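Participant: Build out the structure end to end from the sequences listed, making use of the hints.
Going line by line, the protein sequences match chains X and G.
Each residue of the first sequence is one higher than the one before, counting from 1 in the working numbering.
Each residue of the second sequence is one higher than the one before, counting from 158 in the working numbering.
It is possible that some hints are incorrect.
Stated by the list, open to error - Residues of chain X placed beyond 12 Å of chain G at every Cβ, according to the derived structure: (1) Glu41; (2) Gly46; (3) Gly83; (4) Ala148.
As the list claims (entries may be wrong) - Taking lysine-lysine pairs in the BS3-like style, the calculated list, with each CA pair at most 30 Å apart, reads: (5) G:Lys340 <-> X:Lys126; (6) X:Lys14 <-> G:Lys340; (7) X:Lys116 <-> G:Lys196.
These are calculated hints, taken from the structure and not from any lab test.
Here the structure is a predicted model, which means the values were calculated and not measured.
Cβ atoms here follow ideal geometry from the backbone N, Cα and C, with glycine treated the same way.
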Amino acid sequence: MKTITLTVNGRPEKLTLSPHRTLLDVLREDLGLTGAKRGCEAGECGACTVILNGRPVNSCLVLAVELDGADVLTVEGLGGPEGLDPLQQSFVDNFALQCGYCTPGMILMGKALLAKNPRPSEDEVKEFISGNLCRCTGYENIVKAIMAVAAGGERHG
Amino acid sequence: MFEYHEPRSLAEVTSLLAAHGEAAKVLAGGTDLLVQIRKGRHQPRHLLNIKTVPGLDQVNFAEDCVEIGAAVTLHDGEKFLSAYPEYAVLCRAMHSVASCQIRNRATLAGNVCNASPAADTVPALVVLGANVKIHGTHGDRLVPVDRFLTGPGRTVLLTGEVVSAIVLPRMNGGGGRGVFLRKARRPSLDLATANVAVYAAGESCRIALGAVGPTVIRVREAERLLARQGLTAATAAEAARLARSAAKPITDVRGSDEYRLDLVSALTEQALLTLAMEVRA
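Facilitator: Written out as structure tokens, the structure reads:
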């Protein structure tokens, strides 16, 4: 067992862990954060995507014991009492989800992309989310939802 | 179930590897190893996280070489090298691996050490003349990437040895340019059905093929032809024919051997024609 401290959605957490457990296990089972979904467990579906130290990763492929001092953002860390994050709202407005299983991963990929490239082209959006599978939407509305926030940023910026 | 180690030096890594032999595995990005462990293909009793060794996450530019530490991710490697057009062939190959999320964890050294016949970075490293830097109890040794790989999943690494860096030669003033092309069933996440890297500096040209043999294949006969007669539409077509006869593909879920031969020929010709335009530009 190893004890680590890390920050999850802005909150410090201290955890004592067996080394084989993944970040996904710990988020879902120890911290009750079930936004990140268990999909393929092989890094192929993107449903477990979280932002680790500012970068999207597959949380099923990260050992939690490696994360002493790390900063993790899950979909639960978006938005707040005042309402949804603009990208979450855009997914609602653009009907960018049906079953919702891929949605947390898709939204976090959108956040990560817009953070480093506020005005991506449609092709850049498609390439960036190509590690995330969606069985429902055919991707069209997901791309639209991300592009809408990018365009909104331009209008206000 | 494994014991987890956070070594603080390469010496500590090699002594742990020497002590535990086959029961120890090196953990770099983990994007392949953790999947293999989950599937039961590896059951290590000791996992050595080399990301805790200071300096392994650095890219060091020396006078005659660039050392990419064994813990440098594909994302960071691409970012570091993107300012150098002579390494564009490797940047393209690194960007072709898997997905954004994987590239944020997976390392360049790990892509080589996995020794997958389809590894995208390998043909690019081979045409650049890259070496693998190996640290053992008796010091360091350098092995060219194509000699490092001995078969699917097999390398020349001995018990107690660890890869500490991938070493690229400096292409000082050579003006060398390269092109990497791959074909897969879908652009992201799938392994390449075939991939090709070509590199030209001055009169010399190198061609390497991936996913069409147990390890990467240099097409030396075509390289000699291009050195003799220069790169033209006619020699590119002849080089593509020679690449086709050098390839030894298998039939699997990604494609038949015949389809792979056609791919190798088409990708090689296209890569050389693109290279000809880049060299002229």
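Participant: Take the hints in turn and mark each one as holding or not.
Facilitator: Hint check results:
no., hint, in the structure
1, Glu41, "violated (6 Å)"
2, Gly46, "violated (6 Å)"
3, Gly83, "holds (28 Å)"
4, Ala148, "holds (21 Å)"
5, G:Lys340 <-> X:Lys126, "holds (18 Å)"
6, X:Lys14 <-> G:Lys340, "violated (45 Å)"
7, X:Lys116 <-> G:Lys196, "violated (35 Å)"
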